[in-house]
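Enquirer: Taken in sequence, the protein lines are chains A and B. Just so we're aligned, residue 1 is where the first sequence starts under my numbering, counting upward by one. Just so we're aligned, residue 1001 is where the second sequence starts under my numbering, counting upward by one.
The hints are simulated quantities; they were obtained by calculation from the structure and are not laboratory data. Note that the structure is a prediction, hence the values are computed from the model and not measured. Mixed in with the good hints there might be a few duds.
Only part of the chain A face toward chain B is listed, based on derived beta-carbon distances under 7 Å [stated by the list, open to error]:
| # | residue |
| --- | --- |
| 1 | Thr21 |
| 2 | Trp32 |
| 3 | Pro34 |
| 4 | Tyr38 |
| 5 | Pro61 |
| 6 | His64 |
| 7 | Arg65 |
| 8 | Gln83 |
| 9 | Ala85 |
| 10 | Arg86 |
| 11 | Ala92 |
Even glycine gets a Cβ: it sits at the ideal position worked out from N, Cα and C.
This is what each chain is made of:
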Amino acid sequence: MSTSMNEKDQYKNRIELLQGTLDMLILQTLQWGPQHGYGIVQALRLRSGDVLQVETGSLYPALHRLERQGWVQSEWKQSESKQKARYYRITAKGKKQLASDLGRWERIVEAIGSVMYVKPEESES
Amino acid sequence: MKWFPSFGFQRRKRELQEEIDAHLQMAIADRVARGETAETARQAAAREFGNIPLVQDVTRDMWGQAWLEQVGRDVRYALRQLRKSPGFTITATAMLAVAICANSTVFSWIDGTMLRPIPGARETGDLVSLQRGERNFSPTPPFSYLDYRNLREQNHTFAGILAYHHDWITLTGGAQPERAYISNVSANYFDVLGIKPVLGRFFLPEEESRPVPNVVLSYSLWKTRYAEDPAIVGKSIEIARHPVTVIGVAPEGVVGAMPGIREDLWVTLDPLGTDVWRMTHRSGGAVWLNVIGRLRPGVSRGQAAQDLDTVMHNIVAAFPDDHLGDNRITLDPMWRSPFGANGYMAATLPILLAFAAVVLLLTSANVATLTLVRFVSRRRELAIRQSLGANRIQLVRQMVLEGVVLSIVAGAVALVLTSWTSKTFAWFFPANSNPLILNGSMDHKVVIGIAVSSLLVGVLCGALPAWRSSHAPAVEVLKAESASISGGSRNRKLLSGLVVAQIALSLPLLICSGLFLRTLRNLAGANPGFEQDHILTATVGLNIAGYSHNEEQVIRHKILDRVSALPGVKVASLTDWIPMTLSHKGEDAYPEGYVPHPHESLKVVHAEVSPRYFESLHIPILEGREFTPDDDEKAPRVLIVDQAAARRYWPGQDPLGKELRVWGSLFTVVGVVRNSTHTFVNESPEPMVYMSFFQAGYETMVQVETEGNPVDLAPAVQNAIHEIDTRLPVFDVRSMRESTQMASSFAVIQSTLAGMFALIGLVLAITGIYGVVAYRTQLRTHEIGIRMALGASRVDVLRLVLSQGLWLTGIGLALGLAFALGLTRIIVRLLYGIGANDPVTVVSVVMLLGAMSLLACYLPAHRAMRRNPVTAIREL
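Whenever a hint applies, use it, and build me the whole structure from the sequences.
Expert: This is the structure we're talking about:
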């Protein structure tokens, strides 16, 4: 009973991903090595402290789109647990894209931050 | 429903499923590892994953096949629209299928004859047929062996030149003697054609003129007579009772070098050493070879002709006495080679294809009319879709797709139909003495032709109306419920234009078919100058069965005696030629002492006939006498000339007693007969000389005048001949009427097809005008009701409706007449006994079309006239 309550609370704390950030997160995850869809979901959840929960309905379309754009490549491999799965690997083109996404992301964070943390004196003057 | 289920698409769908399955499996495994039971783990994993089909669907959208899906959607939409109006769909598809089939059928005939002149040969486009002197249909072989050798060895423009001469022969030695078509060929024959043997080898250069009794069999002869014996090479077979050795077998489908003629076996030019004279002379009987050359790459036909003319000029200068007459060389590509069937094909089939193309245009106009009417009646639907955001391109694309779907289906139906109709070409040729193999062929060229015409039709009958309909501004259409009910003046103009086009296209078709039909009637009714009824002919294969010359003469006399004595036989005679069977023999003939101008052709056609020949054919002797049994080999050579020959050689003089030099020997004229038809009823009379059968006859044909039906006597005649020697091959036993049908077979082809095309044209034009007038009248029901309520009489209404239809008919007829004047000019050479602008035909066709259109307009007018004005006004 308590675990289920705990899960529910955690779920409430998860936040919706911003448009466009999913691509960046996927590419970043793949920087650490080839991974399958389930692995990407787990990695994102772990690293975000259970905050980021990627919906499969967003993940798979995104993976297939990234593959068509040539940012990732996929191949079928056996996982450690002998499960045959489709592993995605980031390409050189994908790495370039990740760099530019990251740059854009930092600019947005900075911009939002400078709006949110405005000092009161400055606003009054 | 997927319309473009590509293999890749199915595979990717399966992989996506596997990917999702793997995801679920790993999620379950993790949960089980954390201590959950298998069942709860499975449920939780599924819940966490969410809606699987939805995920799949969204993912698939990422594959970049959206445009494909869109086309698929458009096709489905088009199919749904077509299914909604099955009447239109079936009618339009059927009409288009028939029109495409008309084109593809004629094209398959062209493909099977003109475009495949020598089956099995390599690159027939580089082959040319050589003619010396006049160029006419089925000339006699034009070259001697020595001349051919000079041309072959002294030219600079040919990769190779071959020569051949073919004739019937009897295959003996087996259980049953069999008649086959044999060809004497130069050793390079197969090399020049580019054909390799399937068994053994072909001829070696050193075998060409030496007496080496070797034979090459055709594939079909090897199959039928020698049971595909794999060890046939090296075996001895018997031809006309002479043993010859089989050295090779030609590949399947190879039938020789003359278009439309099937050769069964090939030997060298003098395989038995019995034709030395023919191999060492340059004129007379030594002119016996047909010649075909293969141009060197990059050499044009004109250059080659010039080159050969130079060589020929030197030959003529060196041997002037052997080369009297016209010696200029003409080269023809094989598709219109005068030797064999293609000369006739080239004169007939392209014209029929042009007719078929007119039918296709006409049908497209008709279907476009129907399509336009459909779009106009769907204009509310189109307007709604437009206001809901569909752009014009999308609308046009969907409407064009409806036309394309129709034409693709029609093309598929036409493909199936053509695979049968292409084989009907052979039906047009009556039984005859030539080994004809003429038929259409159904290969990739025909399929491409069908695809191209389907596409053309699809665009013509889809795009035009679609573009027009999409012009209508949506707001106007939706607002104006009844004001612009006739679909706007633009559409009205297009509809009228289409109706006018249909009438204008069908009129020339009708006129041409009328001219062809009357030509056929004139040909059938024409007097060929000899008796065709009550005549039976039979060919006795004496010359091909291996008898000696003396044996032949004895047997010929016996045949004449026995057949004459048969009950029911009025007159029996022998000949070596049957008129109007597309065969003729020609030779240069010079009056004694006459010095011909250089290149002056004094060619006459000739036949060798026995006593009573003219009597049995009812050809009157105008002067002198007929041949008698005394005109034999011991007697002086005699000749009977016809009026045309008498006029050419001795104008204004009495020809009797005059002498004519043929084959280097002098013949004395003993009689003059009336002109009669030689090959075609519509030929211009060529001079003809008759020689005595027992002095110069080659083939033996028995010609019998009978009391009753000639065919009834056929068994008796055959028996009488077999009583002399059971091994005598007797063949081509048929009535003169049947034989001479060959001469009109092309007129039959022309009139049959033109007649069918014209009938299709008439039906289309009439239904077209009916449809448009009926549709417009229906749209004006409301207006007519008001007019009648305001006092218009029924006659006024009738006039109103009729006048618009008749206007269109009138314009269509006027345009059609102008078009017909152009089209009839190309068929003028095919007509007989009638002018290309024959007023009777033109007037009756115009009246027919006019009357039919009037009827087509009257029916809707009559209906409108009888409407009750009150209901007409209320109805919208």
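Enquirer: Out of the numbered hints, which ones does the structure contradict?
Expert: 1, 2, 3 and 11
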